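Full structure from sequences and hints, please.
There are 2 protein chains.
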Amino acid sequence: MIKVAVVGYGNIGKYAVQAILAASDLELAGVVRRQVRDDQRLSELAGIAVVSKISDLEQVDVALLCVPTRSVPAMASAMAAAGINTVDSYDIHGDSLVEYRRQLSEQTKQHGTVGVIAAGWDPGTDSVVRALMEIMAPRGLSFTNFGPGMSMGHTVVVKALQGVEDALSMTIPVGSGVHRRLVYVKLKPQADFAAIKQAIQADPYFQNDETHVFQVGSIEAIQDVGHGVLLERTGTSGRTANQRFKWEMRINNPALTAQVMVAAARASLKQEPGAYTLLEIPLLDYFPGQTDELIQHLV
Amino acid sequence: MIKVAVVGYGNIGKYAVQAILAASDLELAGVVRRQVRDDQRLSELAGIAVVSKISDLEQVDVALLCVPTRSVPAMASAMAAAGINTVDSYDIHGDSLVEYRRQLSEQTKQHGTVGVIAAGWDPGTDSVVRALMEIMAPRGLSFTNFGPGMSMGHTVVVKALQGVEDALSMTIPVGSGVHRRLVYVKLKPQADFAAIKQAIQADPYFQNDETHVFQVGSIEAIQDVGHGVLLERTGTSGRTANQRFKWEMRINNPALTAQVMVAAARASLKQEPGAYTLLEIPLLDYFPGQTDELIQHLV
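Chains as they are written, first to last, in numbering that gives the first Met the number 0: chain A, 0 to 298; chain B, 0 to 298.
There's no promise every hint is true.
For chains that are exact copies, the list does not tell them apart, and a pair is met inside one copy or across any two.
What the hints assert, rightly or not - Straight-line distance between alpha carbons at most 20 Å, and here's what the computed EDC-like set of lysine to aspartate or glutamate pairs gives:
#1 K108 x D291
#2 K108 x E219
#3 K245 x D125
#4 K196 x D208
#5 K108 x E209
#6 K269 x E279
No wet-lab data here; the hints were simulated from the structure.
Here the structure is a predicted model, which is why all the values come from computation and not from measurement.
As structure tokens, then:
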């Protein structure tokens, strides 16, 4: 049995616990969270080791870092130094990801551990689909259309504005990679809706998208973790144009992210020391079981 | 430059030549085909080395085996013995594939070569999608819906019947993995259409599917290499049900198969000796170029 710890017990951490318990080859080593008083302990964690430092758990093969992206690199580095494999869903694309991979690659090789990074759905499984589409048709255009679903990043920006008590930013796909933003705000008493609306529309996170702002009495009443994506590519294989590909999914966002991280935990134990994105690991490594049976079933 | 030879010059071989010529990191070493007289040489192969034995080509790093599936295992084995990597689109699923992989695995390891097998679209890239869907939602049902498009296997069965001059078997998706067969036959003079229709519907290839048979004056007039697939999965991530995934493509069949084989040729040079399905190779290995740039672009 592979012993997996969940670090952080927010949305993704909760679903990660469920996914570990549902896997026959994995064992939940425990949950690492900020110190909580005994009377704040959650009944769903009864019988599960809950600690504030991972070193308080007996044996951990892999730690799932279910913490905000900004905390991930330092935490992954500390885990590597402690000889523990890590999996995260680091979600900033581009330079930042390349730099994080480079640093963690050095640290993991030094300590003989493995880090699987950006192991969510975008970046993550969507990246796998984008790569597959380009393998099949090397020339052409791909479009990633997100939603409808809640954007964590945009929601955080709105929540930070003065006068906003709670907020929700929805991403609506308009097509060909263009998105509309629907922002719902619950205001504090005496807050000026017109000024807040203007501030949102002028923010760099929103200024390039068509953004609509609505005032609501309750954010809780409209919140839902359903999300989705539509990936499209029209391209050329060899000299043959008009090759058309489409990937669509409608999913519970944190449940999917957690499930991908759990599969990556398993895969981490089959790699040489280093840091890996999902594109650098053979898909068969994410599965439990025998190679021949998997090939018979999946290929 | 990676030197790639095309073995067999049927439908897939023709498109493979185009895909190699379109790739900046590959060089066409030549085409291997049955002996042809000088006056039968195709103008499209002008300036390309066309030989009847691969040993007549100067240097070959990888051979694309664009020959019928039944000829693939023996040919792959001979290439391994000659120190040449191979890529094929072996298209029989299940036991047969597992056994072929096992045998070629031994031979390639003995000779220090690599064989990438079943590197078409199904088995092949569809297998990658099926695996990805199961990683994301380990419990649930997947359906593979083929077509509308021509089935090579079913067409060959009909062509072999007495009284049939030419034939075309189309696969039509009915939904949830069920298919309808539309069979078009051009008969020889004096052939009995009713008897042939009955023979087709009683054949093991057709007897479990709803099969319609039509008599036509020309097969050429209705033939088209357009094909497609719809892969669907509804499953559970952790304990969360109703996760929905869909992959759809509409493609030129031999052009796509050839392009996947060409990408696999590149990947073959990055693997340790052995035989591999697409599920056993990291997706990044199919691309030319630098890892950091690919991660920046695709992840």
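Hints, verified against the model:
no.	hint	result
1	K108 x D291	between (31 Å within a copy, 18 Å between copies)
2	K108 x E219	neither (45 Å within a copy, 60 Å between copies)
3	K245 x D125	both (11 Å within a copy, 12 Å between copies)
4	K196 x D208	within (14 Å within a copy, 60 Å between copies)
5	K108 x E209	neither (45 Å within a copy, 58 Å between copies)
6	K269 x E279	both (12 Å within a copy, 12 Å between copies)
Hint check: violations occur at hints 2, 5; the rest are consistent with the structure.
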